[in-house]
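Asks: Taking the hints into account, I'd like the entire structure generated from these sequences.
Protein chains: 2
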Amino acid sequence: MNILSKVSVCKGRPRAFDLDEALAAALRVFWRNGYEAASMAELTAAMGITKPSLYAAFGNKEALFHKALDLYEREKLAYMTSALEAPTARAVAERLLRGALQMQTSTCDPKGCLGVISAAACGAEAEPIKAEVVKRRASSEAAIVKRFEEAKAAGEFPDGLEPAALVRYLFALMQGLALQGGSGATCAELCQLVETSLQVWPTK
Amino acid sequence: MNILSKVSVCKGRPRAFDLDEALAAALRVFWRNGYEAASMAELTAAMGITKPSLYAAFGNKEALFHKALDLYEREKLAYMTSALEAPTARAVAERLLRGALQMQTSTCDPKGCLGVISAAACGAEAEPIKAEVVKRRASSEAAIVKRFEEAKAAGEFPDGLEPAALVRYLFALMQGLALQGGSGATCAELCQLVETSLQVWPTK
DNA sequence: AGCCCTATATACCAATCGGTATGAATATCC
DNA sequence: GGATATTCATACCGATTGGTATATAGGGCT
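Protein sequence lines, in the order shown, are assigned to chains R and H. For the first sequence, the working numbering assigns the number 281 to the initial residue and increments by one for each residue that follows. For the second sequence, the working numbering assigns the number 281 to the initial residue and increments by one for each residue that follows.
Because the hints were derived from the structure by calculation, they are not lab data. Some clues are possibly wrong.
Note: identical chains are not told apart, hence a pair may lie in one copy or across any two.
Under the rule of at most 30 angstroms between Cα atoms (straight-line distance), these lysine-lysine pairs were calculated in the BS3-like manner [to be verified]: (1) K410 - K432; (2) K291 - K410; (3) K347 - K426; (4) K291 - K484; (5) K331 - K356; (6) K347 - K391; (7) K410 - K391; (8) K391 - K356; (9) K341 - K291; (10) K331 - K484; (11) K426 - K484; (12) K331 - K347; (13) K356 - K341; (14) K356 - K410; (15) K347 - K410; (16) K291 - K347; (17) K291 - K331; (18) K391 - K341.
Replies: Quick look at the structure:
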């Protein structure tokens, strides 16, 4: 046993592709097409591997989607957690809206939002997928509600506005942003949407 | 030729189902599942007819969807055109938001919005469907922009807000509303969303 | 009654769906 | 250098996809 033996932990033939790269490619396919419309043929082609390799490495189509969704939240939705650190509720909202805008105007990623398109389409086969995505969104929402409640306690909130209601409103805007971004809106139009949302944002 | 002969204009065997009822049933299937996830088997089952009858009466799946979309706009989106008659821009927005809310809280119709779910999912086969839906939405938007421009000319608008921008913002809210409605939000939550949107709506 | 035309029902089509069995290839362990 | 273990590529699986060919049933017209 030499010092290099730890780099390959398993005994058999080593896999000829990179797990992370393949998963990233799969994510892009799900992102563009949604879960149901992403066929195994298209996935394997984009990932550069064959079907048996995919099944051996990721389980099945649904498990692959879950891993891709994890990657999506980890890499593409990081701005949502970091936005919570902003000093005021308004600043949190601004960082969320601008973060969502930046995602939609990125030139190297697909348009639209994986969460939004997965929550919208709903063939019976994709029902558990949709349920999972909805559940994750609820937990994101809960984190922001909690942050807004701190803001309300700090006296930031106008009268008659509840944190939960304002978060729901904010999420509706972000979902609309993602939907418009996914259906061909220009960067200028999306930017205009975000600026308008910020202009309209309630002040105490 | 007696006086009743005009009721059956065609010569051959009369069709045994009602065209409008069948189309309404098809609409509900597309509405629940989206274009791609709505299979011919599910469509024919819901419509109570066989596949050859469907193809003879409606052409093919895509043509059936277009006819269903026409019906949807005619019956379910009528509030959008009638909202334009409201006296102020704010009143127009209120009628649009409350109309959308009413649709999402209807107990007899599917949840979500056919336009929203059709614009979100995007398998290659459904690309022309998506394009058509996006195009129709653009024309709805244009009508409201025009109405808002009248409102601006009437001095209703706050400084720094453009009609087109405010309409885009309003549509984002309605799309978010439909998306949340389609993914399990309660009536109370959706109502809260609309009330918050109206509270926040900019005043001069 | 018989002709004509259309709708119906059944059975079928090639293509694609997600998922696998199988055997060859390639690595480590002893 | 086997023996073992894992991945690879090909070819295949039954089920389902949107769409039809065919034959029968049922109406109006003369």
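Asks: Which of the numbered hints are not met once you compare them with the structure shown?
Replies: Result: hints 1, 2, 4, 10 break, sorted rising.
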